[in-house]
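Model the placement of chain B with the ligands on the given structure of chain A, informed by the hints.
Below, each chain spelled out in residue letters.
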Amino acid sequence: MSAQEKSMSVSDEMMIEMNGVHKWYGQFHVLKNINLTVKRGERIVICGPSGSGKSTLIRCINRLEEHQQGEIIVEGTELTGNLKHIEQIRREVGMVFQHFNLFPHLTVMENCTLAPIWVRHMPKQEAEELAMNYLRQVKIPEQAEKFPGQLSGGQQQRAAIARSLCMRPKVMLFDEPTSALDPEMIKEVLDIMIELARDGMTMICVTHEMGFAKTVANRVIFMDGGEIIEQNEPEEFFANPKNERTQLFLSQILQH
Amino acid sequence: MTGETTVFPNPLRWALGLWRDQKHRGTIIQIMALVALLLFIGIIIRNTAINLQALGLEIGYDFLTEPANYDINQHLIDYNSLSSHLRATVVGIINTALVSVCGIILATVIGLFAGILRLSKNWLVSRIMYAYVEFGRNVPVLLQILLFHALIIHTLPHPRASLSPMDGVFLSNRGFYVPQPVLEPAAWAILAALVIAVAAAWWFAGHAKRVQENTGRHYPVFTINLALIIGLPLLAFFLAGRPIGLDFPQLKGFNYQGGMVLRPEFTALWFALSFYAGAYIAELVRAGILAISRGQTEAAYSLGLRPNWTMRLVILPQAMRVMVPPLISQYLGLIKDSSLAIVIGYMDIVATIGGISLNQTGRALECMSITLFIYLGISLGVSTVMNWYNRRVALVGS
Ligand SMILES: Nc1ncnc2c1ncn2[C@@H]1O[C@H](COP(=O)(O)OP(=O)(O)O)[C@@H](O)[C@H]1O
Ligand SMILES: [Mg+2]
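Heads up: the sequence lines are chains A and B, in that order. Counting from 1, position 142 in the first sequence corresponds to residue 145 in the numbering used here; the numbering is continuous, with no gaps. Counting from 1, position 375 in the second sequence corresponds to residue 460 in the numbering used here; the numbering is continuous, with no gaps.
Careful: at least some of the hints might be erroneous.
To give an idea of the interface, some chain B residues facing chain A are shown, with a C-beta separation under 8 Å as derived from the structure [unchecked claim]: (1) P242; (2) G301; (3) A384; (4) L398; (5) V399.
Only pairs whose alpha carbons sit at most 16 Å apart, straight line, appear in this in silico EDC-like list of lysine to aspartate or glutamate [unchecked claim]: (6) A/K173 x A/E16; (7) A/K42 x A/D15; (8) A/K35 x A/E233; (9) A/K173 x A/E78; (10) B/K294 x A/E129; (11) A/K127 x B/E298.
In short, the hints are calculated from the structure, not lab data. Bear in mind the structure is a predicted one, so any value in this text is a computation, not a measurement. Glycine residues also receive a C-beta, built at the ideal position from the N, C-alpha and C atoms.
So that you can see chain A by itself, here it is in the shape it has in the complex (with noise of 0.2 Å):
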């Protein structure tokens, strides 16, 4: 994607809003002071060190970790307690795991399903038609009537994006999505990423793919320490960094 076609689909409307955001483990301080905003159409990454918060922090997103100061706006609305708060978040904010975590009892079609006649309340003829699409689009309605279990791991990760897409999300959240596959099936998901991103979804990638990062991030994220040490756009980030610790992690990451 150019930069051009990259910076058109974002729009000013706010989508996630993270101010002063703190979080603790008992006395270890995981998050802190998080400051990120994500408009409507925009697509981050972020990388960092293994154990510096970068899944802690997305996961503070959609409520699967509470954090413990400071505020978190969804698309208007605060993240609290609230329980009704919470729930309308999740069924705006998809989430895709490292480890895929399909439901290993359930067919690939009732995987997608599933949430959408339960939670939209969706009769199934319909739910069923909009998982074939999203299926299709991730390129494996062949695999509808399989079990997780029978399909290879890039066809689950697939799997489980249509499943998250079937909810109609408004932000798409990744929490490394490549890197339990192998090598040759990193393509088949990376693409099926890029994608979506050109389809204007808002996305926040923690990935250390830097090639899908140039090609669709409008910012780089830079993470250390449970704090966002840098941020740029992502010509500027990878030809130009600015931390040392970003240096030192770029050179890293990119000798292999």
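For chain B with the ligands alone, kept in the frame of chain A given last:
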């Protein structure tokens, strides 16, 4: 060379070839083992028959129709000492079945609660459950049966000084007496109402599914059906002029008359078996829930599913699969452990046909074979049903 062909004639060479073949050698060994086993069993049966004949005894099951000449304190069908050994056997089977079914139900309930509570974040609750599980699993079941029996016999008062926690309920060392429902003729209306309610509930479940598939609307099926199944018979009860009375137990002389009684032997055995098996089941439940990875819950939550739906649609169906095979062994174990009934005088199969009948008639072989086949039949029945269920829900792939 020609010398070899003359030393090994063709059939032998062929047999040797089979023996040297990896695939065939396995089959040959199995056939040989089977033949040896059959021979062994045949020899035992033949020897026993010859020995019995030498003693002037013959194997025969005619004695089953003769009077048993002993009393059985708990019989759910008519029985007295003039009844036949066959009838005594049936009473024994019913008693074994009764304590097994009651035990399996109570053990499952105890296990489910203890297993879930063991995962509780409340330190005290989870520690208490931990202590229970360790005690239940580590004290021999025979001791637990004796312990429960002693608790009931020695700590509860005599009938005259019974504890009465509720009207018409009396706890004493002679048993637990409760009121017995007495059906009047009009009670059939209630049964009819129950049948109708179940049929209606069945239909409604299907209807709700169709409505969901067509319009996306969800009915609270469980709640409505529960209300139907309880409400309709209750309504019939009042409309038919309360055709079920209660027969209250009353103290006459040294014991109670009327009402229903749970005898101390039954109660002790029931509680002990449930307590023991419940501890194992608690561990199964705990392991089953833990085995469903945290990721499954998170995936369900991230799709907007509520915790209760997540439990019902995602976690429980998977936990059940992990739990069913070991649960089968627990149920079978409980049924077999119920044969320890004899130590506290509960009259199950082992105590009737395998005990008193055997001693009175001296027909050890016949009585033991009957007992053995009854246990075998019950166990095979239970495991067939459970295995069928297990196959039905088995995971595909992975
Ligand atoms: N549930 C938890 N309890 C305690 N510490 C945790 C928990 N989850 C993560 N952590 C710690 O928080 C830090 C950040 O974790 P994470 O967000 O998963 O990092 P990343 O995704 O960047 O590798 C790590 O040091 C990790 O050990
Ligand atoms: Mg992570």
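Now the hints, each set against the structure:
1. P242: 51 Å, violated
2. G301: 4 Å, holds
3. A384: 4 Å, holds
4. L398: With a minimum Cβ separation of about 7 Å from chain A (threshold 8 Å), the hint on B/L398 holds.
5. V399: Check passed: Cβ of B/V399 comes within 6 Å of chain A, closer than 8 Å.
6. A/K173 x A/E16: Within the cut-off at roughly 12 Å; holds.
7. A/K42 x A/D15: 6 Å, holds
8. A/K35 x A/E233: Given pair A/K35, A/E233 holds - Cα atoms ~14 Å apart, limit 16 Å.
9. A/K173 x A/E78: 9 Å, holds
10. B/K294 x A/E129: 15 Å, holds
11. A/K127 x B/E298: 4 Å, holds
Hint check: a violation occurs at hint 1 only; the rest are consistent with the structure.
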